[in-house]
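Could you put together the complete structure from these sequences and hints?
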Amino acid sequence: MSGRISRRTFLKGAAVLAATSGVSWSATKAYRWLSPAEAAPLAREEKVVRTVCSPNCWQTCNHLVTVREGKVVKIAPAPMPDPEYNRICLRGLTHIQRLYHPDRLKYPMRRIGERGEGKWERISWDEALDFIAGKFKELRDKYGPQAIAVVHQSGNYGLLNGGYGGAYRFAGVLESVLASGSVDQAVSIGFSSALGTGIFDAYCNECADWVNARTIILWGSACAESQINEWHFIWEAVEKGAHLVVIDPIYTTTAQKAHTWVNLRPGTDIAFALGMLHVIITRGLVDKEFTLNKTCAPFLVREDNRLFLRQGEKPLVWDTRSGRAVPYDTPDIVPALEGQFEVNGVKCTTAFSRLKTVVQDYNPAKVAEITGVSPEVVVKVATLLATNRPGGIKFGFGADRYHHADLLGQAMITLLGLTGNIGKSGNILGMFFAGFDPMVYNVNWLLPRGTSPKMLPLIQLQDTVIRQNPYPIKAFYITCSNLLVQTSDRNRWLREVWPKLELVVAVDQFFNNTLNYADIILPAAHYYETEEIVLSGDVPYVLYRQKVIEPLWEARPDWEIYRGIASRLGLGQYFGSIEEECAKWLDMPLMRQQGIDYQRLKKEQAIRFLPKPYIPWQDGKFKTPTGRLEFYLEKKVPQGEELPVFKWPLEAGPDSPQAAKYPLILITRHEKFRVHSQYENQPWLREINPEPFVDLNPQEARKRGIGDGDLVEVFNDRGHVTLRCRYNEAIPPGVAHIQQGWWFYRDGHHQELTHARYKENTLNYSFFDVRVEVKKV
Amino acid sequence: MRNRVFLLDITRCIGCRSCELACKSEYHLAEGQSFRRVYELEWLTPEGLVVLYLSLACNHCEHPECFRVCPHRTYRKRRDGVVIHEAGRCDGCGRCVQACPYKAPQFDQERGKVDKCHFCYARLDAGLLPVCVEACPTGALNLREGEENLADTVDKIPGLPDPILTGPSLRFRLSGRLKHLLNRPNILGSFL
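Line order of the protein sequences matches chains A and P. Just so we're aligned: the first sequence equals residues 1 to 777 in the numbering used here. Just so we're aligned: the second sequence equals residues 778 to 969 in the numbering used here.
Quick caveat, the hints were computed from the structure, so don't treat them as lab data. Yeah, the Cβ is synthetic: ideal placement off N, Cα and C, and Gly gets one too. Keep in mind that a hint or two might mislead.
[Stated by the list, open to error] What the simulated footprint calls covered on chain A by chain P, stretch by stretch (three residues with Cβ under 8 Å from a Cβ of chain P suffice, anywhere in the stretch; the number is not a length):
no., segment
1, 68-78
2, 92-104
3, 645-652
4, 683-690
Pasting the structure below:
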């Protein structure tokens, strides 16, 4: 089956569904597939259902969906408890087409041709589930439970049917491998380490508080496209006088709105951050009060092993009053921020002094040399963050796509700490993400007693299968993931990983470019077709998804599929009813305290669980062992990365051995037309974004004799992709840009060009740390 | 008559096209039909690339050209200013499509008739906002009613027809760099 859709076919298919309408002005369009929803309710059977859209923009918009005579006819934003969180976007507005798309998977199917050949036969759910369970049993008996890998990504934030809920339970029950993560986590690993939190905890002020910021730095964030509904908070701050800085090599819509656009070279973000630290430290812009009392800056670091000098567990500081080293929390002391001291024969310096040494080479002139940004800009941005307070840094995941992105995260949190931009209204700490914080993310529910998945970072899955070590993986169960489009080194998947797999099960709604290579495909229910709790993204609410319509054709919610397979293996008891499981999930202290249970949630649908406004760290106590902001990371001493240092990325730097052969850096960023690979085939969206392009600066294109609109091949040693070139002045010379998430190309795929090399401590995909060349075909 | 205008805050607009999609979704529009369109205009200046997003629909003009040229009296203007196209009378002659300086009426190949934005008048009558305005995630697209509210707005953008021609119910708010740039005459050329 082809993945290409024809809009003409779609409309014909749609006409079959046409409902007749004889009412008022909408009558003119009654020949079409459905008549429009009226402002005033009609006599016909019509209801409005509130539900949640939950792909990985993590904006978790609540929708009011009008259902007329059993069909969804209208989508509108639902009122939230705080109206500033009322939201919808162009993607969410296309769900009608997604539900009734003629290409939607309708039945379970079994491959009858070769993998990738596209020959399928329809089978019944019983046949499919019997087959999967039978094969799982065979593999488990032969190789052990870890012969199966449940592979999930972020396609859905639903509790039961999404990647971060039910999939855990399923893998745990099977004791299989659970391959997940490895995306969007490097910057946050560096950032959150200093706070002592998890990488996706609620460590940032809620978005509604961002309007109080006076300096906003969007770092590698195309917020105005990728998280459209966070933009108005930022813009409100700007209208109140805030200065907006956007750090991005590409002149995105977001960058267009900035007062200061920092157009640095790709992959040089850390150098820019070190330059800012240099300016802040050398020009005396440090918030001394905060730095001394709330951070690890005064802690004494031993010169011999670069670890904190301790008494028992407690790091020591140099008390200038008594002239000796004392535990950092001793009352009535005046600790030294800087200096070299000798304590019992051990030479020590303060963490702050070490930081000063690290950044001393990164004066604005040197930073300008590395980043291509003028020295004045370094000084300006640093000065703004330190003096035009409150301020903050919102990171997107553009700068996260390089090998050493964790160091950038470390530098960002150090910048915020040194400037005292933490714990106050108007501060922005990276990103606001509420749903995965331990206070609302019920791990006991995910993994009930007696269940235990073997967690495997997704980026290690290729190696694991190829080497069959540490797990003898023979089968994939892929859900909430378009794996071959959203992970790197596609050729390696297909040439080296796939042949080792005896069974690939994929659950999805469309024939995307992963399903082509599956053995059994199962049609998943759409967001509107299930009932469950939804993990909140960047909103401070517990959310309830109401079922709007029954699943179309034979689609089933993931949760029911899990139950179907597990019960055939005698493990069905772990997959209770929606009611039971959602009630158990909410059994958390924070929910009990606030009287939030499933009955109440079903009634109110969105309940605020965080204080208003939510501003963490107001007490200046962090979740680190010392309670201080520990920007000095002892655990990274062996790598020499206890403090942020600048390192060129793997490929994207000028020092790369690939640089001569492949002069262009490939950036595959998020644009507004999709959320990752979701919505790729929605006709309305394809009308405004019809086909993939490689965007080149005209200067680069002309150098290669490429005209605007020419068919080109983008290639490197790993693979290639063929598509049209588009002249684009917003792309700097030296960069090739392709929107991420396209399912199909004329030939090849952009994920053939990317690699799966990772840094041990982040295990993160470096999607932009990639070099390519472009030629006309 | 109520003076109701679309007010587009150009500095706020991020060109996300939610307004366009909201309209398509509400009225289940066919391929190629968009009663509201977001124009993405770029030009290179000595200071660098400038990009501007203009979300335009029918402007429900005071003196609508569509109304004037239609031989079948397909168009009517409500007392509140909303210009309505009665598709029943339309034979698809396309004169309005040619005449409208804003390219608001659009020919529907499938039906052989013209159609256009109706200002969501059924919603207006029910006290609701048009769907494009309701869906706007940035507050860039608004309605304004009454003269006194328009002091901070402009009615001209280079590249758009002179408002004196038809009296469109359309105003813009501009600030910062864009305001400065758009003061230059003819900077955009004609893009419609």
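Evaluated hints:
Using a Cβ-Cβ cut-off of 8 Å, 5 residues of the segment 68-78 of chain A lie near chain P, which meets the minimum of three, so the contact claim holds. Here the segment 92-104 of chain A counts 3 residues with a CB under 8 Å from a CB of chain P, which clears the bar of 3, and the coverage holds. With 0 residues carrying a beta carbon less than 8 Å from a beta carbon of chain P, the segment 645-652 of chain A misses the three-residue requirement, and the given coverage is violated. A count of 5 residues in the segment 683-690 of chain A with a Cβ less than 8 Å from any Cβ of chain P is obtained; the coverage claim is therefore met, three being the minimum.
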